[in-house]
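Residue-level listing of the chains:
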Amino acid sequence: MSILPDRQRYSALVLPVVLLLVWQVLAWRASTPLFPGPGQVAISIWRLYPQIVGQIGYTLMRAAAGFLVAAVVMIPLGILLGRLKTVGSVLEPILDMMATLPPPAVVPIVMLFAGTGDAAKIAVIAYAAGIPLIMNTYEASKTLHPMATLVARSLRLRRLETMVFIDLPASLPMIATGVRLAVASALLVSVTAEMLLATNGIGVFLQRQQENFQIANGLAAIAFISMIGLIVNDLVQRLERRLLFWHYRLDLHNER
Amino acid sequence: MDVVLEARQLAKAYGVGRDALQVLGGISFSVGKGEFVSIVGPSGCGKTTLLFALAGLQKASTGTVTFNGRPVTAPPRGVAVVFQDYSRSLFPWKSNRDNVAFGMVRVEGLSSVQKRDKAQEMLEAVGLQGFEDKYPWQLSGGMQQRVAIARGLASQSELLLLDEPLAAVDAQTRADMQDLLLDLAMRFKQTCILVTHDVEEAVYMADRVVVLTRRPTVVDHEIAINLGKQRDQITTREDHRFLAARHDVMMSIRSSRTAAPATAA
Amino acid sequence: MGAFRFMEILAWFRAIISFLIIIVIWQSIALLGLVPEKYFPSILAIAAGFRDMVISGELVSAELRTLSRALLGVASASLLGISLAVLGDLFPSFRRGFAPIAALIQPVPPAALVPMAVFMLGLGPKLYAFIVILVTVWPPYFNGVAALASVSDVQIRTGQMLGLSRWQILRQIKLPAAMPEIFAGIRYASSISLIAVVVAEMLAGHDGLGFLLIRKAFAIRIPEVYALMFVCAVNGLIMNTAVNGLRWRFAGWQLRMAGQAA
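Chains as they are written, first to last, in this note's numbering: chain A, 1 to 256; chain B, 1001 to 1265; chain C, 2001 to 2262.
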């Protein structure tokens, strides 16, 4: 943003400010607690932020746990399936089908097996995050350039070494795409699972506010979720740029 | 002279039955210790297939390859390959030094510090001092291929297989790289097999040229190049012995290109 | 083209084989009693549950509601997303102003929107339109903006040399060039639209597949729950097929080009 000339920087603010003003005016005219303006939402944020931050903590912890479980299981599995062509091609349609199933639809089944506790929620999140991870890893590992394999063989690498030292790093750019989708999916499903299997977390907080007709508080919570989502996405992107510098600079190099 | 590598009646067909494509039709030759042998032939004669069979990267249909007397079924210890496609054969996530050191993953008895030092030494040998911590994609094509050559040398290879290593670099770089390769081969007493489609390069580099026919490929004949180890881009290429050898190879390639398709034995 | 058909048949063949494998594995787990049968019914029990729901009519009405919500939602979200992307391309100041709004709304999960939206919009079509559009407009918008911005200069200059106006260049050069990437966005949007609809139905608790899933789960009608999950997955396939069909219509040139290269 800072590299934009001043005039452009201000023009970027015009639309958001106008929208906020319109919202505020409409809220004044409606003058009902069921349609709060940005002012009231700001007051709710000020009053409730310790509580909201605490609840979001639960949500994030479960999202992180689910994501980690998915990453630890699915990335190695995806690399392996990419190498085992026959097994991979048989399992591919199954994966495709699981990918079309909306993750929240597994909540009722998981509830039966694992109850409504943290384990159940983490299982649903891991499922939701696992699908994009394995799809992208498998695709990357399957489509690796044959030259990588030739070099590995001429250096006399063992199969496991080839997967760890060559297939995995070479697949990382596509795995990163999977990671971005999986992180978004983990956050989404974490909130959803809380609302369906209520105990704590920001999803439950939101439902309480709805039950008590506290719309402004609910919107305050949504504003927090969106900020957290923004920060998490940004962190993931920074991490990606950092770890995959060789991939991105490679692109720049080729363009020149 | 000790024989390092020997190919005997090496044949390779792709596919089966009527659609089968007989690429190699029974190739035999051998390479002695310290020799620089060029393999040259008309386009599409299966040079890369041959080199992959020599390297143990691809199984031949019939015939044998022996390296130091032992049959080659998988890439043996002591054989290194420099591929044509340097941008893909180097790993973009590794620095140049790590790429070269990675050539020694399967070399036992060296600590990681020793491997690092050796990688450094080889990078200096190919004239890349100062680029150790850069990445392959920060270098020009010729420099990348030098990294790949350094990796091949570093892996303590008794035999270096070069698969059209200079086909993708520009003409001037190419001449420099030819001299670099010759110089390295001499310094490290490295046995080399160079596969190329460039007749001049084949003759300029080699102690002996193996000329192949068209598909199904067999050895047409071999020519010894008696120009000594020391070569020069200008005087060697004007030497009448060079020109005679070049003439001989080009004639046989031209005749095999125009000849009626040879029938498989 | 012959090779293409062959590949297609091969893909179907593989799909059928892996489907059979799932059924065999599923059935043997159910028969061996590795998992209590109560939680893991046999294929036959699931089929029976499916049939019961079809006969009672609840499945058909729920399915029609869910699918129409998802399809209409993603269709309008795509049109809106493309329009916004075009607007952003014509007026860079709009794009800059819209960026922070998009960045803030995009990460909000559909589930979080449901409680507040139910208040303001009730349980009718307005609720689903609001949630699905707010969640799925982003992939086509972001892909559209990026693709419109990266159309090659040579192609645009060619248009200018032919004397095309700004609008004609947009319509005839930039939009077609951007279509493949926009469709990649629509494809992703179609999968999240189904998620958003099912989640909203689960939470709004009124009708649709999501609601039926929750109700059957609480009534411990396990075979029906599995049958409903299967229907959800089939919906995903329907959405994918619809999007792919449109992609052939609007961005087929790219697929044919890719096919040629292969």
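Hints may be right or wrong, so weigh each one.
[Unchecked claim] Below are the DSS-like pairs computed for lysine-lysine, each with C-alpha atoms no more than 30 Å apart in a straight line:
1. Lys1229/B - Lys85/A
2. Lys1229/B - Lys1094/B
3. Lys1189/B - Lys1229/B
4. Lys142/A - Lys1094/B
[Unchecked claim] Calculated from the model, a selection of chain A residues having no Cβ within reach of chain C, i.e. all distances over 10 Å:
5. Pro102
6. Gly117
7. Leu172
8. Ala184
9. Leu187
10. Arg241
[Stated by the list, open to error] Ranges between beta-carbon positions, derived for each pair:
11. Arg1241/B - Pro146/A: 17 to 25 Å
12. Gly2252/C - Arg1237/B: 32 to 40 Å
13. Phe2019/C - Thr32/A: 49 to 57 Å
14. Pro2125/C - Gly1015/B: 40 to 48 Å
15. Lys2126/C - Ile43/A: 51 to 59 Å
16. Ser2083/C - Gln237/A: 20 to 28 Å
17. Leu2237/C - Arg208/A: 47 to 55 Å
18. Gly57/A - Ser1111/B: 27 to 35 Å
Since the hints were derived computationally from the structure, they do not count as laboratory data.
Note that beta-carbon positions come from the ideal geometry of N, C-alpha and C, so glycine has one too.
Evaluated hints:
At roughly 48 Å between alpha-carbon atoms, lysine 1229/B and lysine 85/A are farther apart than 30 Å, so this suggested pair is violated. With a C-alpha separation of about 35 Å, the suggested pairing of lysine 1229/B with lysine 1094/B is violated against the 30 Å cut-off. Only pairs whose Cα atoms come within 30 Å are accepted, and lysine 1189/B paired with lysine 1229/B is accepted, the gap being roughly 11 Å. With a C-alpha separation of about 22 Å, the suggested pairing of lysine 142/A with lysine 1094/B holds against the 30 Å cut-off.
For proline 102/A, the shortest C-beta to C-beta distance to chain C comes to about 4 Å, within the 10 Å cut-off, and the non-interface label is violated. Separation of glycine 117/A from chain C is adequate, the least Cβ-Cβ distance of about 16 Å exceeding the 10 Å criterion. The Cβ of leucine 172/A sits about 21 Å from the closest Cβ of chain C, beyond the 10 Å cut-off, so the non-interface label holds. In this structure alanine 184/A is not separated from chain C by more than 10 Å, as the shortest Cβ-Cβ distance comes to only about 7 Å.
A Cβ of chain C approaches the Cβ of leucine 187/A within 10 Å, the least distance being about 6 Å, so the stated non-interface status is violated. Distance to chain C confirms arginine 241/A as a non-interface residue, since its nearest Cβ pair spans about 17 Å, more than 10 Å. About 41 Å separates the C-beta atoms of arginine 1241/B and proline 146/A, a value inconsistent with the hinted range of 17 to 25 Å. As the Cβ distance of glycine 2252/C to arginine 1237/B is approximately 54 Å, the hint placing it in 32 to 40 Å is violated.
In this structure the hint that phenylalanine 2019/C and threonine 32/A lie 49 to 57 Å apart at CB holds, the actual value being about 54 Å. Taking the beta carbon of each, proline 2125/C and glycine 1015/B are about 60 Å apart, not inside 40 to 48 Å as hinted. Between lysine 2126/C and isoleucine 43/A the Cβ separation comes to about 28 Å, which falls outside the hinted range of 51 to 59 Å. As the Cβ distance of serine 2083/C to glutamine 237/A is approximately 27 Å, the hint placing it in 20 to 28 Å holds.
Here the CB-CB span from leucine 2237/C to arginine 208/A is close to 38 Å, at odds with the stated 47 to 55 Å. For the hinted restraint 27 to 35 Å between glycine 57/A and serine 1111/B, the CB-CB distance of approximately 46 Å leaves it violated.
When the structure is compared with the earlier hints, violations turn up for hints 1, 2, 5, 8, 9, 11, 12, 14, 15, 17 and 18 and for no others.
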